[in-house]
Each structure stands twice: as structure tokens, then as C-alpha cells.
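A.B. asks: Turn these sequences into a full structure, and let the hints guide you.
Take the sequence shown: its position 64, counted from the start at 1, is 64 in my numbering, and no numbers get skipped.
Here are the computed lysine-lysine pairs in the PhoX-like style, where the Cα-Cα straight-line distance is at most 25 angstroms:
| # | residue 1 | residue 2 |
| --- | --- | --- |
| 1 | K64 | K54 |
| 2 | K85 | K70 |
| 3 | K95 | K70 |
Distance ranges between label pairs, derived from CB positions:
| # | residue 1 | residue 2 | range |
| --- | --- | --- | --- |
| 4 | I63 | V10 | 24 to 34 angstroms |
| 5 | H107 | I20 | 14 to 24 angstroms |
| 6 | G75 | P53 | 37 to 47 angstroms |
| 7 | R14 | V88 | 11 to 21 angstroms |
Rather than coming from a laboratory, the hints here were simulated on the basis of the structure. Cβ atoms here follow ideal geometry from the backbone N, Cα and C, with glycine treated the same way.
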Amino acid sequence: MSINESWFQVYAIRPTVFAIYEPYQHQENNDHDLFIEAQKDMKYGMICEDYLPKDFDKKSYQIKPFCISKFIYDGDTIDLGNEQKITVIFTPGNKPDSISLLDIQEHLLFVRDIFYPGPIYLYRP
1 MSINESWFQV YAIRPTVFAI YEPYQHQENN DHDLFIEAQK DMKYGMICED YLPKDFDKKS
61 YQIKPFCISK FIYDGDTIDL GNEQKITVIF TPGNKPDSIS LLDIQEHLLF VRDIFYPGPI
121 YLYRP
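C.D. replies: As C-alpha cells, this is what we get:
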């Protein structure tokens with residue numbers, strides 16, 4: 001499976017594992033003041049209409065309610081089927097509920113924003 005769009009690509013890591021890669025994504029977080037300055041003129045409920053689907057109705061839009069069917073805990077194993085299982089590893093960092101997923105059989109570790117190869121100057125447990 002290979003999907004190439006202008007801003008992302010999907011490619012196979014293993015026959016049953018796919019990755020989404022954003023080659024042109026670059027985020028530079030030098031200072032949150034930039035975001036605050038850009039948002040000072042915004043008002044509650046403002047939406048940039050240019051980026052919404054044509055049939056989008058902002059007055060009736062809502063996130064559908066959902067029920068949590070199961071809580072996961074550090075060390076839990078999730079069976080994905082097809083003899084593929086992942087282990088949950090709690091990896092709190094900038095968010096206390098962050099997790100990583102370990103596929104022992106395929107030697108893969110799926111992390112979010114906890115992998116950072118440079119020095120960390122500020123840590124908040």
C-alpha cells in the first residue's frame with residue numbers, strides 16, 4: 001500500500017504495519033507569544049470558513065457523545081488480531097496521560113511526542 005498526497009505519504013513498515021509521514025511538516029515553537037498575538041483579535045466562535053466543507057453548519061455542529069468501553073493501564077496488552085499484539089507503556093511527559101505502544105514481535109515502538117534527541121532544559125513532571 002502506498003498513498004502519496006501533497007502533504008503526507010503512507011508507506012508500509014512491515015506487511016501489516018503502515019506509517020503516515022508528513023515530509024513537509026515543520027513546526028517551530030520558539031515562543032507561545034506568537035500564538036497569543038495572532039489570536040488577540042479573534043472572538044469566540046470564529047471559524048475560518050475557507051477551510052470547511054461546503055455543507056458544514058457551524059451552528060449545528062457537535063461532537064457526538066461517546067462512552068469509554070475500557071480503560072487501559074500500563075502493561076496492558078491489546079490484541080489487534082492476526083496474531084499481532086501491542087503492549088501499553090505509560091510515558092507521561094508534557095501530558096500526564098501519554099502512552100507509547102510496543103509491538104514486541106515486530107520490534108516496533110510507537111511514540112508520540114516523547115522522543116526528543118536534544119537536551120531538555122525544562123521538565124514538568
